[in-house]
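Top line first, the protein sequences correspond to chains A and B. Per my numbering: the first sequence = residues 1 to 186. Per my numbering: the second sequence = residues 1 to 186.
I should point out that these hints are in silico values taken from the structure, not numbers from a laboratory. Hints may contain errors.
Given that identical chains are not distinguished, each listed pair holds provided it fits within a single copy or across any two copies.
Mimicking DSS-like on lysine-lysine, the simulated pairs with C-alpha atoms at most 30 Å apart in a straight line are [as the list claims (entries may be wrong)]:
hint, residue 1, residue 2
1, Lys166, Lys136
2, Lys37, Lys166
3, Lys165, Lys37
4, Lys166, Lys108
Here's the letter readout for the chains.
There are 2 protein chains.
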Amino acid sequence: MAQKQEMLNGVNVEGLFQTIEAIKEEPSIAKFNFRAKNEWIDGGENRTTVNDFYGAGKTHVRSKPFVFTKDEPPVLLGNDHGANPVEYALTALAGCVTTTLVYYASAKGVKINKVESTLEGDIDLRGLLNIDENVKVGYESIQIKFKIDSDASEETLQELVEIAKKHSPVANTISNPTPVIISISK
Amino acid sequence: MAQKQEMLNGVNVEGLFQTIEAIKEEPSIAKFNFRAKNEWIDGGENRTTVNDFYGAGKTHVRSKPFVFTKDEPPVLLGNDHGANPVEYALTALAGCVTTTLVYYASAKGVKINKVESTLEGDIDLRGLLNIDENVKVGYESIQIKFKIDSDASEETLQELVEIAKKHSPVANTISNPTPVIISISK
Chain A
1 MAQKQEMLNG VNVEGLFQTI EAIKEEPSIA KFNFRAKNEW IDGGENRTTV
51 NDFYGAGKTH VRSKPFVFTK DEPPVLLGND HGANPVEYAL TALAGCVTTT
101 LVYYASAKGV KINKVESTLE GDIDLRGLLN IDENVKVGYE SIQIKFKIDS
151 DASEETLQEL VEIAKKHSPV ANTISNPTPV IISISK
Chain B
1 MAQKQEMLNG VNVEGLFQTI EAIKEEPSIA KFNFRAKNEW IDGGENRTTV
51 NDFYGAGKTH VRSKPFVFTK DEPPVLLGND HGANPVEYAL TALAGCVTTT
101 LVYYASAKGV KINKVESTLE GDIDLRGLLN IDENVKVGYE SIQIKFKIDS
151 DASEETLQEL VEIAKKHSPV ANTISNPTPV IISISK
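Chain A with its partners taken away, still in its complex shape (with noise of 0.2 Å):
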């Protein structure tokens, strides 16, 4: 019974709580290294590996890792074995906004039964292609609608979705400049 009672929308608050007051005492714990090794198989596919991370003073490995291939569809040349690298994007988005959200929710005392979004970006592949330099090359935007079902009021779910939105790490490594650095090792 003790148990279920920490539980709201899935998320133990009690260990969210208790994750937070942890960091409070020794900040380092909250530095995370996140990883992936990515193969490429022949034109536009490839398959990324996403097995281990750092975070929280230690290296965790996952049982088995989790296996993605990407690819293009036939209008852009490949054929179609997995969404491509910018659906890929978009998948990250959703999945940490509404983490992000179910999460604050749950802190907040704030009971969700259900939450659902359609997500939309707009790509002008001439900056891709190298046609027109004034051409911005990733999504020009990225829109998020939300529906969400809750017995919190209205005014209550805007201040969630917001919060979500500040808060969420794939949203601010969008939608503030991140430096991506390449380079070759032999």
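For this one, chain A is given, so just place chain B on it according to the hints.
Just chain B now, kept in the frame of chain A:
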């Protein structure tokens, strides 16, 4: 035989140049709109479906949708049912820079035998958890190290990596500020 000669690194080079010429004649066909739908499951777990997108003047629908489960590892209060959103962001970035590199190599007539990369990104979770307002919320930076097997010179490969960084949509979505617009619909 003609078909074979048009392909380099698995990329239809003639198709690539035809696409570029078609866009130069009619720039509107370069406008793409990518989409995703997300559904919260429980706690840190949610699921994204990628299926249709708009581009080259029409909507394209896959024969079956690509579905991605995201979750958090136990140290971040999840059940590890999937890679987490910031790992999906690395996956997106790895794929996009690799594909951009391979497509440009093909256009330039550079044969590539193998491309591998490792990615790392640092995040201080005090931003996510609202413990310190001065901490960056998203990735501080992301490092990509490429290992490329090709007969091309080091100089050519270095040039290709720089082109890939400059023209990869996901790398630019991350390294430049990209507006993320979030709203609630009923």
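Evaluate lysine 165 and lysine 37 at a C-alpha cut-off of 30 Å and name the case that applies: within, between, both or neither.
Classified as both; 28 Å inside a copy, 17 Å across copies.
Evaluate lysine 166 and lysine 108 at a C-alpha cut-off of 30 Å and name the case that applies: within, between, both or neither.
For lysine 166 and lysine 108, only the intra-copy Cα distance (16 Å) is at most 30 Å; the inter-copy one is 42 Å.
30 Å Cα cut-off: does lysine 37 pair with lysine 166 within a copy, between copies, both or neither?
both (29 Å within a copy, 21 Å between copies)
Intra- versus inter-subunit Cα pairing at 30 Å for lysine 166 with lysine 136:
Close inside one copy (24 Å) and across copies (11 Å); limit 30 Å.
Comparing the model with each earlier hint shows no violations; every hint is respected.
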